[in-house]
Amino acid sequence: MKYALFLGCKSSGHLPAYELSARAVLGHLGVTLIDLEFDCCGYPARDVSRDAFVVAAARNLALAERAGLDLLTLSSCCFGTLRHAIRFLGEDAALRARVAQALAAQGLAWSGKSAVEHLLQVLARDVGFDVIAAAVRAPSAGLRVAAQYGCHALRPSDVTGLDNPMAPTVFETLLSLTGATPVDWPRRLDCCGDPLHQANAALSERMTRAKIADALESGAEAICSACAHCHLRFDAVQVDSSDPPIRTLLYTQLLGLAMGLPAKSLGL
Amino acid sequence: MSPAILLSAFYASLVLCALGLAWRASAWFRLRIGPDARDITWSQRVAAVFRGAASALFGSRILRLLAALLLDVLLLRRLFAREKLRWTGHLLVVVGFMLLLLMHALAPLVSAKLFPGYQPTLDPYFFLRDLFGAMILAGLALLLSGRRADFPQRRGLIDWAFVTLLVAVVVTGFLFAGYKIASPRAFYRMTEQFIGSTDPVKLEPLRAVWASEFGVAFGDLKQPIDPDLMEQGRKMQRDACASCHSKPASAFVSYPVARALAPVERSLDAGRADVWLLYLHVFACFLGLASLPFTRFFHVVAAPVSLLVDAAAQDRAFSSAGRVAQRALALDACVHCGICDSRCSVAPVARYLNNAYLLPSYKLGATGALARGRLPRDEADPAAEGAFLCTDCGRCTSSCPVGLDLADLWQAGRGDLAAAGFPAPAQWVQARSALAWAESLEADSAQHPLVDADAAFAPLSAERRTFSRCVQCQTCTNVCPVVAHSIDAEHGVDLTPQKVMNLLRLGLRDLTLGSRMVWDCASCYQCQENCPQGIRVADIMLELRALSVHRLGAVRGQREPS
Numbered sequence: 000m001k002y003a004l005f006l007g008c009k010s011s012g013h014l015p016a017y018e019l020s021a022r023a024v025l026g027h028l029g030v031t032l033i034d035l036e037f038d039c040c041g042y043p044a045r046d047v048s049r050d051a052f053v054v055a056a057a058r059n060l061a062l063a064e065r066a067g068l069d070l071l072t073l074s075s076c077c078f079g080t081l082r083h084a085i086r087f088l089g090e091d092a093a094l095r096a097r098v099a100q101a102l103a104a105q106g107l108a109w110s111g112k113s114a115v116e117h118l119l120q121v122l123a124r125d126v127g128f129d130v131i132a133a134a135v136r137a138p139s140a141g142l143r144v145a146a147q148y149g150c151h152a153l154r155p156s157d158v159t160g161l162d163n164p165m166a167p168t169v170f171e172t173l174l175s176l177t178g179a180t181p182v183d184w185p186r187r188l189d190c191c192g193d194p195l196h197q198a199n200a201a202l203s204e205r206m207t208r209a210k211i212a213d214a215l216e217s218g219a220e221a222i223c224s225a226c227a228h229c230h231l232r233f234d235a236v237q238v239d240s241s242d243p244p245i246r247t248l249l250y251t252q253l254l255g256l257a258m259g260l261p262a263k264s265l266g267l
Numbered sequence: 000m001s002p003a004i005l006l007s008a009f010y011a012s013l014v015l016c017a018l019g020l021a022w023r024a025s026a027w028f029r030l031r032i033g034p035d036a037r038d039i040t041w042s043q044r045v046a047a048v049f050r051g052a053a054s055a056l057f058g059s060r061i062l063r064l065l066a067a068l069l070l071d072v073l074l075l076r077r078l079f080a081r082e083k084l085r086w087t088g089h090l091l092v093v094v095g096f097m098l099l100l101l102m103h104a105l106a107p108l109v110s111a112k113l114f115p116g117y118q119p120t121l122d123p124y125f126f127l128r129d130l131f132g133a134m135i136l137a138g139l140a141l142l143l144s145g146r147r148a149d150f151p152q153r154r155g156l157i158d159w160a161f162v163t164l165l166v167a168v169v170v171t172g173f174l175f176a177g178y179k180i181a182s183p184r185a186f187y188r189m190t191e192q193f194i195g196s197t198d199p200v201k202l203e204p205l206r207a208v209w210a211s212e213f214g215v216a217f218g219d220l221k222q223p224i225d226p227d228l229m230e231q232g233r234k235m236q237r238d239a240c241a242s243c244h245s246k247p248a249s250a251f252v253s254y255p256v257a258r259a260l261a262p263v264e265r266s267l268d269a270g271r272a273d274v275w276l277l278y279l280h281v282f283a284c285f286l287g288l289a290s291l292p293f294t295r296f297f298h299v300v301a302a303p304v305s306l307l308v309d310a311a312a313q314d315r316a317f318s319s320a321g322r323v324a325q326r327a328l329a330l331d332a333c334v335h336c337g338i339c340d341s342r343c344s345v346a347p348v349a350r351y352l353n354n355a356y357l358l359p360s361y362k363l364g365a366t367g368a369l370a371r372g373r374l375p376r377d378e379a380d381p382a383a384e385g386a387f388l389c390t391d392c393g394r395c396t397s398s399c400p401v402g403l404d405l406a407d408l409w410q411a412g413r414g415d416l417a418a419a420g421f422p423a424p425a426q427w428v429q430a431r432s433a434l435a436w437a438e439s440l441e442a443d444s445a446q447h448p449l450v451d452a453d454a455a456f457a458p459l460s461a462e463r464r465t466f467s468r469c470v471q472c473q474t475c476t477n478v479c480p481v482v483a484h485s486i487d488a489e490h491g492v493d494l495t496p497q498k499v500m501n502l503l504r505l506g507l508r509d510l511t512l513g514s515r516m517v518w519d520c521a522s523c524y525q526c527q528e529n530c531p532q533g534i535r536v537a538d539i540m541l542e543l544r545a546l547s548v549h550r551l552g553a554v555r556g557q558r559e560p561s
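Chains as they are written, first to last, in numbering that gives the first Met the number 0: chain A, 0 to 267; chain B, 0 to 561.
In case anyone wonders, no lab produced these hints; they're calculated from the structure. There's no promise every hint is true.
[Unchecked claim] Reference listing, derived: stretches of chain B covered by chain A, where coverage requires no fewer than 3 residues with Cβ under 8 Å from a Cβ of chain A: (1) 347-355; (2) 415-425; (3) 465-478; (4) 510-524.
Each residue gets a CB set at the ideal place from its N, CA and C atoms; glycine is no exception.
Based on the provided sequences and hints, a complete structural model is requested.
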């Protein structure tokens with residue numbers, strides 16, 4: 000199992016614990032991570048130019064392709080964006096030609112050989128539930144956790160292909176393996192609000208707070224995210240807030256703790 | 000040559016330099032960058048910086064600070080990690096310049112005190128002076144040639160003035176040294192001083208030796224030279240000259256210059272080149288000194304200060320006043336080396352959009368220009384695009400050789416742009432209603448019929464097939480979290496997703512472009528996932544968003560909201 004690690008801007012700039020814990024956990028589970036000179040997935044550029052977003056995404060895909068690797072993404076937004084780029088490239092020949100030209104100027108080419116995988120997919124499918132279960136040495140004693148997939152991990156399902164978009168289970172299963180108890184929370188598939196924090200701060204905050212309140216009401220002690228954007232968003236609205244707080248965890252941290260890895264190696 | 004003139008010129012340059020330094024440094028406390036800078040007085044900033052710097056200098060961090068000063072500022076370890084060639088260039092210039100300054104320019108204060116037998120014309124100093132000068136020239140060549148950039152450099156007069164002056168100092172130095180080696184006038188001045196004679200007949204043996212082995216261009220020497228005369232001359236040379244004059248061949252630049260100047264040496268002597276060449280060299284140095292604060296050379300002051308303040312900023316107690324000063328300081332400490340640009344996460348986007356303002360070093364320039372009120376109107380939109388497409392990945396900050404806190408600068412810059420009327424697209428689009436935008440677009444739309452040039456840009460919304468299947472069932476609206484959370488009238492959704500689809504279906508795309516919904520879409524894809532007709536609602540929303548930046552941006556200035 001060998002992947003090019005696509006960290007994403009949020010993880011590299013604001014959440015070093017994600018990189019740290021992902022490397023620690025995946026390393027122990029036998030996943031080799033290769034570092035390539037990746038740039039932004041293209042997500043923010045989609046606001047101003049579809050071409051620019053696809054070019055940015057395709058550059059990353061082409062880098063992985065040159066190295067003969069598939070990509071492993073830590074954030075759902077990067078995952079969705081890169082997969083969308085593949086879809087657009089596949090269905091639009093004129094776009095493909097424009098992108099090919101832009102990539103050629105950098106000595107790169109895209110042919111679609113490299114796949115884009117989400118952390119949850121790699122853990123569930125490549126590593127496997129059995130191997131993870133066997134690696135767990137210090138299961139957390141029934142910590143009640145709300146699983147936060149991140150919209151772009153699930154939808155649109157014809158692009159992401161991660162799980163059933165209406166009733167996904169893969170994250171909850173992975174949580175159970177660590178000894179935690181996944182809670183059923185009505186807003187679990189809702190948006191965390193992060194994409195709107197610049198465009199409409201008030202709306203964005205309402206969306207995030209509604210999710211946190213819902214997780215607490217459903218009996219969760221922590222929200223566990225499989226996306227840097229969601230994780231940081233939950234943290235951000237809880238700064239200087241008088242609302243009841245909820246603990247935030249990354250899945251790689253929870254799994255790492257259950258595997259008996261030192262908290263420091265997980266950025267905790 | 001009058002020492003009085005030189006001395007007064009030197010002091011004048013020194014005063015200019017000091018005044019310039021004070022003026023430039025005062026900008027760190029005057030310039031307001033960031034919305035939070037408005038309420039902070041200059042005295043608060045001065046106090047914050049001095050408190051911070053003092054705590055950094057006298058606290059336990061001093062060792063780490065010194066290490067950073069040596070490794071980051073002097074040895075530029077981050078540049079070394081990425082670009083060996085330019086790192087070599089920079090090191091050559093710095094080391095060459097420092098050694099030349101200490102050994103040669105400040106000789107009476109440094110070399111003469113440290114090395115009792117110091118003479119500029121004695122080896123190894125004779126050789127070293129040329130070596131250091133050559134290091135500077137070679138280093139500059141490496142620095143200027145080694146840079147690869149996607150966008151043209153905006154090097155102003157200020158950048159070139161620095162390079163030109165440095166080159167002028169070294170080149171006039173070599174010319175003067177070369178001239179002096181070959182000069183009979185200089186020869187006779189020395190014989191007068193050390194032998195007490197300028198009589199060509201008496202000095203004939205010495206002249207023979209200096210002409211053949213020291214490169215002096217006597218025009219009146221009898222050829223061929225008698226070997227006995229040479230032997231006699233060598234003895235005179237050993238007795239009178241050797242103690243303070245080596246053979247000039249070791250000055251590996253000046254000596255070839257001397258040989259090249261030999262044919263015109265007599266005219267140079269007659270034209271008093273000993274005076275004007277020296278003046279040229281010395282005044283180039285003085286000009287460099289006086290202009291130091293106003294050229295890029297100022298980074299040698301600003302970069303270490305910035306590092307010091309940066310160390311202070313690690314302290315929790317470091318106030319927001321200090322941070323404001325730190326931003327202005329960053330503008331001076333940056334030399335646009337471009338390492339951040341090569342690490343920028345959105346560099347591929349910058350290249351595709353052909354907008355350099357996405358790249359950190361250019362963005363820093365725009366941030367400074369805006370704060371100084373010098374950002375041209377037509378640069379403001381590209382600058383805003385650059386500011387708001389930044390992903391805050393932090394790679395510029397972590398790669399900056401002088402450790403500038405660029406992330407904070409970008410945050411402040413976005414605030415300034417918004418205050419100057421150039422906010423993020425969501426803000427300026429949503430400042431008007433969808434109908435008002437549609438009115439503004441009316442004239443423009445004649446040139447923009449549906450399904451045409453936009454097809455490449457927005458293929459889904461330009462293609463009727465995309466949404467003709469819509470049955471207006473409202474599922475998209477019902478599952479939309481933005482609609483569900485829009486509870487206040489002022490910031491609520493105007494057109495729900497299904498209304499947007501309906502307008503598109505009717506061929507009224509212009510009516511949707513200014514809709515709040517387009518920019519309030521969270522791109523969560525609930526609509527698209529749940530659409531029973533398989534319409535790519537969210538993809539279309541994002542497409543309309545990009546289209547609105549271009550279409551509405553084009554008519555944005557024409558009719559401002561009253």
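Status of each hint after checking the structure:
1. 347-355: Coverage by chain A holds for the segment 347-355 of chain B (5 residues, Cβ < 8 Å).
2. 415-425: That given contact holds, which follows from 3 residues of the segment 415-425 of chain B lying within Cβ reach (below 8 Å) of chain A.
3. 465-478: Not satisfied, violated; 0 residues make the cut.
4. 510-524: With 6 residues in contact (Cβ-Cβ under 8 Å with chain A), the coverage given for the segment 510-524 of chain B holds.
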